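Asker: The chain contents come next:
2 protein chains.
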Amino acid sequence: MAQIRHALSTRRADDFAAWYQEVITAADMAEESGVRGCMVIKPWGWGIWERMQRLLDARIKTTGHDNCYFPLFIPLGNFAREAEHVDGFAKEMAVVTHHRLIADGKGGLMPDPEAKLEEPLVVRPTSETIIGDAMARWVQSWRDLPLKLNQWANVVRWEMRTRMFLRTSEFLWQEGHTAHADEAEAKEHTLRMLEVYRAFAEEDLALPVIAGEKPENERFPGAVETWSIEAMMQDGKALQAGTSHYLGTNFAEASGIRYQDREGAQTLAHTTSWGVSTRMVGGVIMTHGDDDGLRVPPAIAPWQVVILPMLREEEGDVALIDYCEGLRAALAGKSALGEPVRVLLDIKPGKAAQKRWDWVRKGAPVIVEVGGRDKDNGVVSLLRRDTLWDAASGKPAFAVPTREEAGEAIPALLEAMQATLHAEAQERREASITRGVSDFAAVEKHFAAEVKFPGWVEVQWSKPTGAALDKVVERLKTLKLTIRNVPIGSMPADGPCIFTGEPAVERVLLAKSY
Amino acid sequence: MAQIRHALSTRRADDFAAWYQEVITAADMAEESGVRGCMVIKPWGWGIWERMQRLLDARIKTTGHDNCYFPLFIPLGNFAREAEHVDGFAKEMAVVTHHRLIADGKGGLMPDPEAKLEEPLVVRPTSETIIGDAMARWVQSWRDLPLKLNQWANVVRWEMRTRMFLRTSEFLWQEGHTAHADEAEAKEHTLRMLEVYRAFAEEDLALPVIAGEKPENERFPGAVETWSIEAMMQDGKALQAGTSHYLGTNFAEASGIRYQDREGAQTLAHTTSWGVSTRMVGGVIMTHGDDDGLRVPPAIAPWQVVILPMLREEEGDVALIDYCEGLRAALAGKSALGEPVRVLLDIKPGKAAQKRWDWVRKGAPVIVEVGGRDKDNGVVSLLRRDTLWDAASGKPAFAVPTREEAGEAIPALLEAMQATLHAEAQERREASITRGVSDFAAVEKHFAAEVKFPGWVEVQWSKPTGAALDKVVERLKTLKLTIRNVPIGSMPADGPCIFTGEPAVERVLLAKSY
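So the sequences go chain by chain: A and B.
The numbers in our numbering rise by one with no breaks, and the one at position 417 of the first sequence is 417.
To get our numbering, take the position in the second sequence, counting from 1, and add 1000.
Hints are computed from structural coordinates only; laboratory data are not their basis.
If you're wondering where the values come from, they're calculated on a predicted model, not measured in any experiment.
We put the CB at the ideal spot given by N, CA and C, even for glycine.
Do not rely on the hints blindly, as some may be mistaken.
Claimed, not checked - Here are some, though not all, of the chain A residues that point toward chain B, as calculated from beta-carbon distances under 8 Å: (1) F16; (2) V35; (3) C38; (4) P43; (5) F73; (6) A94; (7) V96; (8) H99; (9) V123; (10) R167; (11) E339; (12) P340; (13) A352; (14) E458; (15) L476; (16) L479.
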């Protein structure tokens, strides 16, 4: 096997964190903005998010939700109403205190002391309280229920340590908010949206995830139940990729969401909320990226096929572009994964090799290079991003179909790649979950500092609460572990709790996480 | 002619401002949020904006722009750099000064004095300065130009007097920002995007607009040229519906956007910016609304066809819904205006008459009512929202095609309605522009306080600048008038300036405005 010269300078195996940053830069997805904790999402990163938005939005609409939009600013007083919610969120938020700037007399500007707000406004960290106010106005009778809303918005949580896509002060997300007549329906809806997230992650992002309930200590502030989908990154850490909360009547009580039921009685509604954010882009990178950059699953690739004519700034270029345009048009008229194929004919100036490797780093699923000789032979040089290298030669594994064959084969190839990326990630995850660990010493050994990429461990526990749970959390913290969730459909418990020694009641996943 | 009982309580002719508010409430588009100057955009209002976004976004992408995303917060210092820009914007902005809340000791919360930001952050009123910073990083060589970016975002300008959609503290928009190698290309692009806006307004929103250059006093802060599209509302006032700015090298200089040109010299780029916002939704209401509520142009209607089975909560409902579903499926498989027909089968509980009038007020283009007798006769009762009433009887003008005829005819009907709404608005506007007014006394008379809905007046002027222009602006202000723009393609000047008496150089439109 020949030595491969990868397109990135950092290997995942050597320094996963540095590799992650390098992918983001090399794939030209995002960069620091100079504004504390905020990033600039560049066209390729935005294009992926835009695809994710479009696909998830369709799923949210299909399940009967209406999109709408609520204010960016939330009056301070709203946060004082729902006690637990405040405890969870009141700490780090951006607070608007003034509505005007004036000259500071030193050539600069300052907030105008005359324009101080009577009540400060908080930049929304999430919108339960303000949407709850609206629901209280909109819900009068049982006929108004269920009320199923969603918004795509930016939110701000002041973060001390930020990482692009994974944790930024401003981030983008959708937040769904629903109100229901009773507990059973609200709980059912909480799980329905969890399932929407699971299907979106698996089918659109090719991200295998484990759906389950979070333990009490990991609940959203004010929630009665919090459910999550958890994805495993290539370093074995967990990424919480989406959450769905059953909020009971806590927010309904705080906002006064009451309805007249069929018997005429005033009744509190039961609410849910659920969200998926730009952090999922980070999950895609850390699941599908390799030592040559990103590999974008075709369903969310802004361009699924990039055609690169090897232009030489000479007369022959016209015929070459024409030849490529034939393939572009053929592909644009075909469908893959239920949508027209997204194909770019890239004729920007630049050296051919440079452009090829730029698209490799960006992770365009299929790259088609066409030189003058290809044209003369009626063929194209086709590179699959998922299986980039020919191991024997250490060179890119070009296939050389005829132009017509390429036009016919690429749509199915894109669908196959989508499945392959999922299968690859799923296989890796399954190989990295250790089950049947039955005492805490074994957990300690499994997650010892010197073990690289230890993956997840499934253990049984007695689901302690209160102080006993605090003790478990503290103990896990010494190993930098958290309980990810109780997977839906996992085997029943059949042994002792590894923390308390009492009979276990369920199985949980332990992992390091983002 | 019989008396018509309209669906709204306010007539446009009686109180246009009150009518506008009533449409927004009656069509369930938006409402006050309780947060100063911010509104809640409800599903029907949001659905219209979402359609507008999708159609305009496609036009922006077709003209070669990449979407991306820049931070919500802009450091205060950015505003001190571009002097004119600061003068224009520094006044009313939301200023973030703290990043944490703590208990105030009285059961409430307050900004934590320990968490005061060293440099306050301004919630973006527009993004020239922060996008300029990025452009300075991204543009190195002539090969990087043109750089054509767009973002969809929320922005905040603290407004003292707000009106839903037209002027709110937080609003939503797209802002395009481009950098070019030279003045000619940047100016050309400024006009190209103005043309994109014109086509979007006319073709998608059925809004006739007049594209032209704004006078010097109405320029965007820091711009060299500002161009606009101006629409006439039914009260004869103008609404600036979109602007496109040639910024010269002003922002390039402030942010340092320099590139190495083909000769190797460091050269300042020329930039443009252009935006369209949620205020355009207000323009749609005030152009197409009538005394029965909104009329949504089919191209931007979230639902173009609403089918209302007259359910009676009895066994026969199943067959009736089934009959309606046949029409729904037939329509959903057809296209109108280049997209699949958007058709809703509305089986929500509620009285049939109530539901019909709700959809009339919302302005769904085609409403199809189906009762048991219709089903038995194989027909449907079809109501066109643009020609709602039968003048002779004073009743809704139902047509009664067979179900199959309706399925065949509705797509073409939607396209005809789109054209009809545009033609109607264009005719009204043309009838309300008075040309050939050649002295200021005539302008005063035209816009006298007692004249209702005076429309616009075209006059000739000598294009004064500086103090002479200030005098013109002041004089117009006494009549509550502004110069809207110098229409592209208007007749050359051929007389004296109505303000200065000097030979005129061009024609301008005068109007009251929103």
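Asker: Indicate, hint by hint, whether the structure satisfies it.
Answerer: Going through the hints against the structure:
1. Given the 8 Å rule on beta carbons, the hint for F16 (chain A) is violated: about 26 Å separates it from the nearest Cβ of chain B.
2. Proximity of V35 (chain A) to chain B holds as hinted, the smallest CB-CB distance being about 4 Å (cut-off 8 Å).
3. For C38 (chain A), the interface hint holds, since its Cβ comes within 8 Å of a Cβ in chain B; the closest pair sits about 4 Å apart.
4. The closest approach between the C-beta of P43 (chain A) and any C-beta of chain B is roughly 4 Å, which is under the 8 Å cut-off, so the hint is satisfied.
5. At about 5 Å, the closest approach between the beta carbon of F73 (chain A) and any beta carbon in chain B falls short of 8 Å, and the interface hint on this residue holds.
6. Nearest Cβ of chain B to the Cβ of A94 (chain A): about 5 Å, under the 8 Å cut. The hint holds.
7. Interface restraint check for V96 (chain A): the shortest CB-CB distance to chain B comes to about 5 Å, inside 8 Å, so the restraint holds.
8. Interface hint status for H99 (chain A): upheld, as the beta-carbon distance to the closest one in chain B is roughly 4 Å, under 8 Å.
9. Among the interface hints, the one on V123 (chain A) holds; its C-beta lies about 7 Å from the nearest C-beta in chain B, closer than the 8 Å criterion.
10. The beta carbon of R167 (chain A) comes no nearer than 15 Å to any beta carbon in chain B, farther than 8 Å, and the hint placing it at the interface is violated.
11. Look at E339 (chain A): its Cβ only gets to about 14 Å from chain B, farther than 8 Å, so that hint breaks.
12. Among the interface hints, the one on P340 (chain A) is violated; its C-beta lies about 13 Å from the nearest C-beta in chain B, farther than the 8 Å criterion.
13. Checking A352 (chain A) against chain B: minimum C-beta separation of about 15 Å lies over 8 Å; hint violated.
14. About 38 Å separates the beta-carbon of E458 (chain A) from the nearest beta-carbon of chain B, more than 8 Å, and the hint is not met.
15. For L476 (chain A), the interface hint is violated, the least distance from its beta-carbon to any beta-carbon of chain B being 28 Å, above 8 Å.
16. Interface restraint check: L479 (chain A) against chain B, minimum CB-CB distance 30 Å, threshold 8 Å, status violated.
Checked against the numbered hints given earlier, the structure breaks hints 1, 10, 11, 12, 13, 14, 15, 16 and satisfies all the rest.
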